[in-house]
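Trainee: Sequence:
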Amino acid sequence: MSRIIEQKQMKDFLKLYTGLVERCFESCCNDFTSKALSSKEDTCVSNCIQKFLKHSERVGARFGEENAKMMAQQQNK
1 MSRIIEQKQM KDFLKLYTGL VERCFESCCN DFTSKALSSK EDTCVSNCIQ
51 KFLKHSERVG ARFGEENAKM MAQQQNK
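The sequence shown begins at 1 in the UniProt record's numbering and counts up one residue at a time.
It is possible that some hints are incorrect.
Stated by the list, open to error - Ranges between beta-carbon positions, derived for each pair:
id	residue 1	residue 2	range
1	Glu26	Phe63	24 to 30 Å
2	Thr33	Met71	51 to 57 Å
3	Ala68	Thr33	49 to 55 Å
4	Met70	Thr43	39 to 45 Å
5	Leu14	Thr43	25 to 31 Å
Unchecked claim - Dumping the calculated DSSO-like pairs for lysine-lysine here, alpha-carbon to alpha-carbon at most 30 Å:
id	residue 1	residue 2
6	Lys69	Lys51
7	Lys8	Lys69
8	Lys69	Lys35
9	Lys35	Lys51
10	Lys40	Lys54
11	Lys54	Lys69
12	Lys8	Lys54
13	Lys51	Lys40
14	Lys51	Lys11
15	Lys11	Lys54
16	Lys77	Lys15
17	Lys35	Lys15
18	Lys54	Lys35
19	Lys15	Lys40
20	Lys51	Lys8
Rather than coming from a laboratory, the hints here were simulated on the basis of the structure. Please read these numbers as outputs of a predicted model, since none were measured by experiment. For every residue, glycine included, the Cβ atom is placed at its ideal position computed from N, Cα and C.
Let the hints inform the model, and build the full structure from the sequences given.
Mentor: Below is the structure:
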């Protein structure tokens, strides 16, 4: 059972990572005349990743708060 959970977690992580890469690449990388990212693209990618991580952290915190409220309400019944 634990192996199945680990596989599910890995699959979810890879899906999240792939989505982040696609989103930031599509938003930031549009000059294909060079192998390297331009400074503008590099900054854009960094900002994109930072925003995504902050958003994920905030959503996780809110989810935890709501979960705690629901648990408290169930215990009070």
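Trainee: State for each hint whether it applies.
Mentor: Checked hints:
no., hint, verdict
1, Glu26 to Phe63: 24 to 30 Å, "holds, 27 Å"
2, Thr33 to Met71: 51 to 57 Å, "holds, 55 Å"
3, Ala68 to Thr33: 49 to 55 Å, "holds, 52 Å"
4, Met70 to Thr43: 39 to 45 Å, "holds, 41 Å"
5, Leu14 to Thr43: 25 to 31 Å, "holds, 26 Å"
6, Lys69 to Lys51, "holds, 27 Å"
7, Lys8 to Lys69, "holds, 27 Å"
8, Lys69 to Lys35, "violated, 50 Å"
9, Lys35 to Lys51, "holds, 25 Å"
10, Lys40 to Lys54, "holds, 21 Å"
11, Lys54 to Lys69, "holds, 23 Å"
12, Lys8 to Lys54, "holds, 24 Å"
13, Lys51 to Lys40, "holds, 16 Å"
14, Lys51 to Lys11, "holds, 23 Å"
15, Lys11 to Lys54, "holds, 22 Å"
16, Lys77 to Lys15, "violated, 38 Å"
17, Lys35 to Lys15, "holds, 26 Å"
18, Lys54 to Lys35, "holds, 29 Å"
19, Lys15 to Lys40, "holds, 27 Å"
20, Lys51 to Lys8, "holds, 25 Å"
When held up to the earlier numbered hints, the structure conflicts with 8 and 16 and fits the remainder.
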